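Enquirer: Spelled out, the chains give:
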Amino acid sequence: MYPPAFEYQAPDTLEGALAALAELGDEGRVLAGGQSLIPMMKLRLAAPSHLVDINRISELSYVRRENGSLCIGALARHNDVVGSADAKASGVVSSAAPWISDPLVRNRGTVCGSVAHCDPEGDWNSVMLAARASVVAQSSSGSRTIGIDDFIVSFFTNSLEPGEMVTAVCVPIPSGASGGAYMKLERKIGDYATVGVATQLELASDGTIAQAGIGLTAVNYQNTRASAAEDLLRGETPSDELFAEAGAAAAAASDPQTDVRGDAEWKRNVVAVYTRRGLAQALASATS
Amino acid sequence: MQTTTHHQPTTSPEIGGVGHSIPRVEDARFVQGAGNYLDDVNLPGMLHMAILRSPVAHANLVSIDSSAAMELDGVLAVVTGELMAAHNLAWMPTLSGDTQAVLATDKVRYQGQEVACVIATDRYIAEDALRLIDVEYEELEPITNPQRSLEADAPLIRTDKEDVTDNVSFTWEAGDQAATDAAFARASKVVSLETHYPRSHPSPLETCGIVADVNPATGQATIYMTSQAPHAHRTLFALVAGLPEQNIRIISPDIGGGFGNKVPIYPGYVVATAASLLIGLPVKWVESRTENLISTGFGRDYYMTGSLALDDDGRILGLRTDLLADQGAFYSDAQPTKFRAGLFHIVTGSYDFAAAHVTAKGAFTNKAPGGVAYRCSFRVTEASYLIERLIQNAAYEIGMDPAEFRRINFIQPDQFPYTSPTGFIYDSGDYETAMQKAMDMVGYDELRAEQAAAREEGRLVGIGMASFTEVVGAGPAHTYDIAGLKMFDSAELRVHPTGKAILKLGVKTQGQGHETTFAQIVAEELGIPATDIAVMHGDTDNTPYGLGTYASRSTPVGGGATAMVARKLRDKARKIAAHLLEASPEDLEWEPGKFSVAGSPDASVTIQDIAFAAYTNHPEDEEAGLEGVHYYNPPNMTYPFGTYIVVVDLDSDTGVWTVRRMVAVDDCGVRINPMIVDGQIHGGLTEGFAKANMQWITFDDDGNCIGSNFMDYLVPTAWETPRFELGETVTPSPHHPIGAKGVGESATVGSPAAFVNAVIDAVAHLGVRNIDMPVLPDRVWKAIQNA
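Heads up: the protein sequence lines correspond to chains F and X, in order.
So the first sequence is residues 35 to 322, counted in our numbering.
So the second sequence is residues 894 to 1680, counted in our numbering.
Treat the hints as calculated values from the structure; they're not laboratory data.
From a predicted model like this one, the values you see are computed outputs, not experimental measurements.
Do not take every clue at face value.
[To be verified] Not close to chain F: a few residues of chain X, all C-beta gaps over 10 Å, as computed:
{"#": "1", "residue": "A943"}
{"#": "2", "residue": "D1021"}
{"#": "3", "residue": "E1029"}
{"#": "4", "residue": "G1135"}
{"#": "5", "residue": "G1173"}
{"#": "6", "residue": "T1198"}
{"#": "7", "residue": "K1465"}
{"#": "8", "residue": "E1484"}
{"#": "9", "residue": "S1497"}
{"#": "10", "residue": "D1542"}
[Stated by the list, open to error] Chain X stretches covered by chain F per the calculated footprint, using a threshold of three residues with CB under 8 Å from any CB of chain F:
{"#": "11", "region": "1595 to 1606"}
{"#": "12", "region": "1666 to 1679"}
Just so you know, even glycine gets a beta-carbon here, dropped at the ideal spot from N, CA and C.
Here chain F stands alone, though its shape is the one from the complex (with noise of 0.2 Å):
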């Protein structure tokens, strides 16, 4: 690996980051887990002048629940997610987290450096729409709560302003009967998705569908919500039918590449099966 050359530095605290950040701006980024910074540093994609280095920051290093959500802090591993009991708690989480690239990139990537590198054909965004997540989002200044929806805002952006870093990610933990499904078409283990969907469902006390969730991997510009399926779904009893339905819709919220992955009708197609395949999975585990 043969980057630019770059400054470094590795604060023991979180206000030692944020004081770091406040100072460089746009110059500095944040490295946590690095398997995508890195990456793109060896190949002269990106070229930062400072890095500044939260591993040391053990604080943020946690998977856990707190006011009724589960929060993912900004140094937990994927892995950690995979391993952890608290994280059963979202369907649609506990089930992408195996799903993550590969068992060394699980071991040292993060899941909110991956929220925040906004790319498309990344799994967790699709995960954290699904869920309806809020990203929490620090600076010096002070803290505040993003939307999901309003922190995705393109393709590799994100809505953070210069010195702010992401501290968690949080997801609401549902109050009935709930589940989840990850699916993920993929060349190999550690490849990117192809295709991925993130269903979740949660279930009224008369069995009809309380809320949906439904985001798409790499399919489009950005991790995108299929709004139109999940309006299909809410209220509704469950059946093949419907999920058929709004597998069509989620396929009709996609504008998939054709590309050396593949063509891009049949793309559009997996979302539809996806779809289909990720509800009836998450049904079965709400029901079970």
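Given the coordinates of chain F, assemble chain X onto it according to the supplied hints.
Expert: The following block gives chain X in isolation, referenced to the frame of chain F:
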């Protein structure tokens, strides 16, 4: 030769000769991180080189401004094509008689082509300096496929050649056109297939590299290089660079995989050596992963059509094939001189018929050159793939089970040695026995029944087979050469006074386990325990001349040399033993490790006693010592074979297929170390699976390489790789000293067709007859949609 199910060792486990699965001696250093790879070589004062590569596929080179790069602290030189041309080194010969640009002087012909090199005190500075070089290009139409290349209005790629007016790199044919036309004229059915074997890359885990150390005082050039063929490379260096051959020492250290990628000489080697010569300090260049994938020797990229002529009974009458090779910008296939499409004419495979005709044409394109034998004996992979795909399609068309169709068309055991319609003389084989064993292992008949039942339920199951025959182990020297060097190989054996031995080889391991298996050959022949034999290879100053390791030739050729030199020493040992036992040499009997007097078994001497005597008490009429050298020129190639069967389950909603079973029965003759053979087969099957399932290098319309790193060029991990069930039959090679045939490539050659045939078989009832590799799920889904 008689086929058996297993070769029984004739030596004790303590001796560890042929047939013993002794642990690999080289692994102790590899698993402890104590190997010595090219990048581990660091010399005092060593400089570092980085290469500026063309970002565009086809462009006139207008100007290069390196002034800003030269001003960077730590930069010693920026080498351009102009400077190389001043030393007559801007172009170099390829292994197929073409010339290739070392550094571009006139235009760039593929993305990734070498344009300039920076020599600096460290690699970081060299990489920074690359970004300061300003190159002006005048872009030309990029040609990204051979079909476009051959159109009349396509731009000429090889403007460097005065007499060239088109983009054709070669034309070639084999077989008998008239006889083949006659066979097709009387055929009752003709079955055809058109398919592309896509461009792949050997992608060894260790990339290529060099440390060139030219001593300005002595002129001695010590060159550490990732080389599969160090002796041949030394000769080519002498011829290209004009250095006296005695002053060149090539050391190929531990090699982290070759697969054909480390056979060619690359521009970086030439520039680093020239830079060391001019500057007087050692220069290191090690490729990045991307450099390796986008610029070094690729494999395959053949567009193939084939037709089989069949009679009423389903017997094959003839085969006609036509090839179009996507050659890249220079014709640099690594292959024997006489054969312009490698050994593709082995395409008649395991089947007995009289007529075949092969025509081939190569076309230049704006892609990296290469055409190396990626784990393959010179285009045998493409040939095996085409015939095995055609065989299955032919069986469908005449309504016969593919296994039965193979059975009635196989060359029979009593037909060996068998002369093929394109002129190969197959040494030995028993194809039906191997196929039946694979069918028994997988439970073929039950699977066919399950497949039929599954279709009733709307599930798709596919069973694919390939019964390949390979041709490996070049020479014989009368027919096979590389750049004029005959394809013999050599071994030098020295037994020391304490009975321990050093074996020096002309071939070079890249992970195949030569240090273990070649010691076992000596152990077999001399009875010295394999663990008492050190195997040396890769250093041209202390090994005998050889053509190197590729095309599964080490065991057939280098292994033959090893057995023969050991036998020479055994003949001398007999004379020393006779001297020690005061008996006549012809009255002595040999058993592994010991001579004894016939009828008096107590009167015996061990090989260790004899070795000691060779230096302390040798017969007066014999030279002292116990050492020798043998240059082995094989009388024929060897012809390993086998049958592979793959079972897949296919999701018709998405086109995703998964391998349920993979059974591989290989017959590579006598197995020297069965464990290592199994490992070779596992590796080859994995590579075959990769090509069938996920792996290719492709290009966009601008000639940008898609597949420039391991995110885009996919190498399967243990997770995706199917479980393999191995079986064996043993049909010794009748002409090889120990009956071995070579195995390194069989599985890569034979398995892609088995995987693809299995997927086709799952959807064949819908009328699908072809899906090109890699058989990606979208291609499968579309084939079903369009069926």
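Enquirer: Now tell me if each hint is right for this structure.
Expert: Going down the list of hints, with the structure as the test:
Here A943 (chain X) does not stay apart from chain F, with its beta-carbon only about 8 Å from theirs, under the 10 Å limit. Remark: the non-interface label on D1021 (chain X) conflicts with the geometry, its nearest Cβ contact in chain F lying 6 Å away (cut-off 10 Å). Distance check for E1029 (chain X) against chain F: the nearest CB is about 21 Å away, which clears 10 Å, and the non-interface claim stands. Every C-beta of chain F lies more than 10 Å from that of G1135 (chain X), the closest at about 33 Å, which supports listing it as non-interface.
Once the 10 Å rule is applied to beta carbons, G1173 (chain X) is consistent with being away from chain F; the minimum gap is 25 Å. The beta carbon of T1198 (chain X) sits about 24 Å from the closest Cβ of chain F, which is more than 10 Å, so the claim that it is off the interface holds. With 10 Å as the threshold on Cβ separation, the claim that K1465 (chain X) sits away from chain F holds: the shortest Cβ distance comes to roughly 55 Å. No beta-carbon of chain F comes within 10 Å of the beta-carbon of E1484 (chain X); the shortest separation is about 52 Å.
With 10 Å as the threshold on Cβ separation, the claim that S1497 (chain X) sits away from chain F holds: the shortest Cβ distance comes to roughly 58 Å. With 10 Å as the threshold on Cβ separation, the claim that D1542 (chain X) sits away from chain F holds: the shortest Cβ distance comes to roughly 16 Å. Figure legend: the region 1595 to 1606 of chain X, annotated as covered by chain F; annotation consistent (5 residues with Cβ-Cβ distances under 8 Å, at least 3 required). Check on the region 1666 to 1679 of chain X: 5 of its residues sit with their Cβ under 8 Å from a Cβ of chain F, so the three-residue criterion for coverage holds.
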